[in-house]
Structure formats: C-alpha cells, structure tokens
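Residue numbers (the numbering used here), protein chains in the order written: chain A, 63 to 270; chain B, 38 to 206.
It is possible that some hints are incorrect.
What the hints assert, rightly or not - Not close to chain A: a few residues of chain B, all C-beta gaps over 10 angstroms, as computed:
#, residue
1, Pro67
2, Gly72
3, Thr135
4, Lys151
5, Glu171
Claimed, not checked - DEER-style ranges, computed between Cβ atoms:
#, chain 1, residue 1, chain 2, residue 2, range
6, A, Thr135, B, Arg161, 19 to 25 angstroms
7, A, Ser205, B, His128, 46 to 52 angstroms
8, A, Thr112, B, Gly147, 23 to 29 angstroms
9, B, Asp81, A, Pro162, 28 to 34 angstroms
10, A, Gly147, B, Asp81, 51 to 57 angstroms
11, B, Lys131, A, Gly147, 45 to 51 angstroms
12, A, Ser205, B, Gly147, 34 to 40 angstroms
13, B, Thr137, A, Ser205, 47 to 53 angstroms
14, A, Ser205, B, Gln204, 34 to 40 angstroms
15, B, Gly91, A, Thr112, 52 to 58 angstroms
16, B, Glu145, A, Ala197, 26 to 32 angstroms
17, A, Thr112, B, Lys117, 35 to 41 angstroms
18, B, Arg149, A, Val196, 25 to 31 angstroms
19, A, Glu207, B, His128, 52 to 58 angstroms
Since the hints were derived computationally from the structure, they do not count as laboratory data.
Remember, predicted model here, so these are calculated numbers, not experimental data.
For each residue, glycine too, the CB sits at the ideal point set by N, CA and C.
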Amino acid sequence: MTRAAALALLLLVALAARADEPPLPAPAAQPTEPPKTSSEAAERLGLKFTANAELLITSDEAEGQKAPDGRQTVVFTKHVKARQGDMNLDCDWLQAIYPPTNAGHPEKINAKGSVVITQGTNKAHCAQAQIDNVACTAECHSSGEQAKLDRGTDDVVADTIYFDLCKGTVKAVGNVTVHVREKPDDAKPAGTPQAPAPAAPPAKASGG
Amino acid sequence: MALVCLSLGCGPSTDFLESGGSRAEVPVPPIEMDGVIYEGYHGDLQDLLVTAAGATVDMVTHVANLRDVSIHFATEDASKVEIAAPHGQFHLDKDDFTLTDGVTGTTEEGQRFKTQAVHYVGSRRVIASDSPVELRRDNLVLTATGMELEVATHTLHLVGNVRARVQPR
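Let the hints inform the model, and build the full structure from the sequences given.
In structure tokens form, the structure reads like this:
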C-alpha cells in the first residue's frame, strides 16, 4: 500500500470513530486507533438527490393499490430502473409509496433484489434499499452478503450503509471494512520516471 | 347480475333481454333506442350504471351497439370508477362491454386514464385494455402498453414498458 493510500485509510478509521457525532467540515489528518472489524462506522461522501429533477421509473410490469390508510402504492417488477437527476437505481422489485394527498411524488421507495444505486463514480450494491424522500435519507443493507459502496478510489463494505441524500454524506455501520485502491500512478513499476506524489487532500466528513 | 333497461324512447319491444328459445328462429330486426340507461345489480348493490345517447340492439347476436356511452362502476366501499367512450358494445348474454374509439376514465382518487379501447369482463369485474394506456394523477404520469383494473379493489395492473414519470413541482 502506498503512503497516500495508507494515509487515506487512517483518515477513514479516524472518521469511523466519530460516526455518531455531527459531521465536521475538515477533520485533522491525525492517525488514531487501528481499524476495528465490528460496529464501526465511516462517514464520507455518498449519494445526493437532485431535488428539482424529474423522477422516472421504468419496468416491465407494475401494480397499483390503495392501502386501508389511504396511501397509494405502486409496485414495479421486472427490469426496474429509476432515475432522478444523475442518480440511477436498478433492482428487481420497487415499491413507491405515495401519501394520501398530494400524490405525485412518492414519499418512500423500497427496493429489493440486486439493488444498485449509481451516482457518478459512486455505486452502492445491496439486497434491499429504503429511500425516504421526506427525511431525505436512504438505507442500503443486505442479508448474507454485506452492503457495498464502491467509490472512485475506495470501497466501503458494511452491514448497513446510510445515506443523507440532502447533505451527500454516508455512514456505514456494522462490520465496516474500507478497501483503499491503489491509484494507477501508484502501480507503475519502480524506476519509471514520475513526478513527486502530491500530498493527500484532507478527507471530508460531509460534502456534496 | 340482473340487468334492467330503463330506456327512454325504446323501440317496440324491450324484452330482448330474455333469450327465448322459440323466438330465435324468427328473424327480428335490430332495435333502435335513444337515451339508454342500463342498471346492473350485484345482489342488492347497484354496481353498474350504463348511459348512452343511443343504441342499436342486434337481436340475433344479442349485442347492443352504444353511442356516446358512459359507464359508472360502484364498489361496496362506495368508491366509484367511471369510463366513457364514443362507441361501445354491450354483450347482453355476458354482461361484458367493449368501449372503443378513445376511452377516458376517472377514479374517485382523482386518477384519470385514457386508452384506445377497453373491455369490461363482468364475471371478473375487470376493466382491461390491450392498447397503450396513460394514467395521470397530480404530477404523476404512468404509461404502459396495457392494463387491467379490478373494479372492486381498484387494483391496477400495468403491463409492458411501464413508465412512471413524476414532474418536479
């Protein structure tokens, strides 16, 4: 592992220890405890809604029903895709829950089956996901295999990954593992002329 | 389902609903009707009301060809579904309808839908369409290549290229 990757990993571990505290704008890059394997949390950039963008859901089939409490639900099945702004969601089954009144936009979305949420270079994989449009949050978890968030330079694996879709922050909880990938420049064979590696930028606890 | 004809200005006979076996051998000319109202009952509940500007009843096939037809469906929880079309066919022996040439519909929840043609299957109380369908509610637009609406439960099934588009407010 290169020095930059090791530093990034240490930063993530430092953030994991602070997962239950309010996000800080730019935490100091100080090494802390070694990585833990359970009940850890990491908080970094995740997914973010484009609130004023059109929501489009496509599938092969759908079923709409009215619940006893007046809420309308529409269940989409087979080749389900949802898109809002630059965020995409693919899954096998998606339930959109609409409020009794003002029913145009679903207040909650539940997705099951090979759920993949993509935004830019961030890609979350899990078996189930719940999106709360009112609270502006998403929860991604899997039974058996863990939920996974692939980002450009690192992967976060955990029992559950929470997203604040308004702030763009992410929190991973339960058996958290962070894999930091080597950058292409780091993989060059020894002896190859290259510029000095820049200092690693400070990790962010929130952003978007 | 019992069916009552309350036609205003019916032709010479309104007993066409009775499929008399002995009369089937005698050719009967079609019956022209204006201002047609049909009431359908499910037990004591009037669950079907059909109105049409006019109808031609073919006594051989037992099919009523309706013009400017509107159908109101009522459910046990008193919610309603209404569909309308320029033309319709009512199969008197089966309580089945086919509406064609541009069908529009509304539900009590404020959903509106339109499609080229629908079939109402009386035995299942289902409105079905094999034509592309568009449903709107508030800023939600649903489209598909076909649908089935269960009148009793208002359960809607959409099939084929389903698209739900929610416009931002």
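Now the hints, each set against the structure:
1. With a cut of 10 angstroms on Cβ distances, Pro67/B stays outside the contact zone with chain A, its closest approach being about 40 angstroms.
2. With a least CB separation of 35 angstroms from chain A, Gly72/B remains clear of the 10 angstroms interface cut-off, as annotated.
3. Distance check for Thr135/B against chain A: the nearest CB is about 23 angstroms away, which clears 10 angstroms, and the non-interface claim stands.
4. Taking the minimum C-beta to C-beta distance to chain A, about 16 angstroms, the non-interface status of Lys151/B holds against the 10 angstroms cut.
5. In this structure Glu171/B is separated from chain A by more than 10 angstroms, as the shortest Cβ-Cβ distance comes to about 13 angstroms.
6. About 22 angstroms separates the C-beta atoms of Thr135/A and Arg161/B, a value consistent with the hinted range of 19 to 25 angstroms.
7. In this structure the hint that Ser205/A and His128/B lie 46 to 52 angstroms apart at CB holds, the actual value being about 51 angstroms.
8. The hinted range of 23 to 29 angstroms is satisfied by Thr112/A and Gly147/B, whose Cβ atoms lie roughly 27 angstroms apart.
9. A beta carbon spacing of about 30 angstroms between Asp81/B and Pro162/A agrees with the range 28 to 34 angstroms that was offered as a hint.
10. Take Gly147/A and Asp81/B: their Cβ atoms lie about 53 angstroms apart, and the range 51 to 57 angstroms holds.
11. The hinted range of 45 to 51 angstroms is satisfied by Lys131/B and Gly147/A, whose Cβ atoms lie roughly 50 angstroms apart.
12. Range check, Ser205/A to Gly147/B: about 38 angstroms between beta-carbon atoms, so the 34 to 40 angstroms window is met.
13. For the pair Thr137/B and Ser205/A, the beta carbons lie near 49 angstroms from each other, so the given range of 47 to 53 angstroms is met.
14. Judged by the Cβ atoms, the range 34 to 40 angstroms given for Ser205/A and Gln204/B holds: they are separated by roughly 36 angstroms.
15. Checked against the hint of 52 to 58 angstroms, the pair Gly91/B and Thr112/A passes, with Cβ atoms roughly 53 angstroms apart.
16. With their beta carbons about 30 angstroms apart, Glu145/B and Ala197/A fall inside the hinted range of 26 to 32 angstroms.
17. Between Thr112/A and Lys117/B the Cβ separation comes to about 38 angstroms, which falls inside the hinted range of 35 to 41 angstroms.
18. For Arg149/B paired with Val196/A, a C-beta distance near 26 angstroms keeps the hint of 25 to 31 angstroms intact.
19. Separation of Glu207/A from His128/B is about 54 angstroms and conforms to the stated range, judged on CB atoms against 52 to 58 angstroms.
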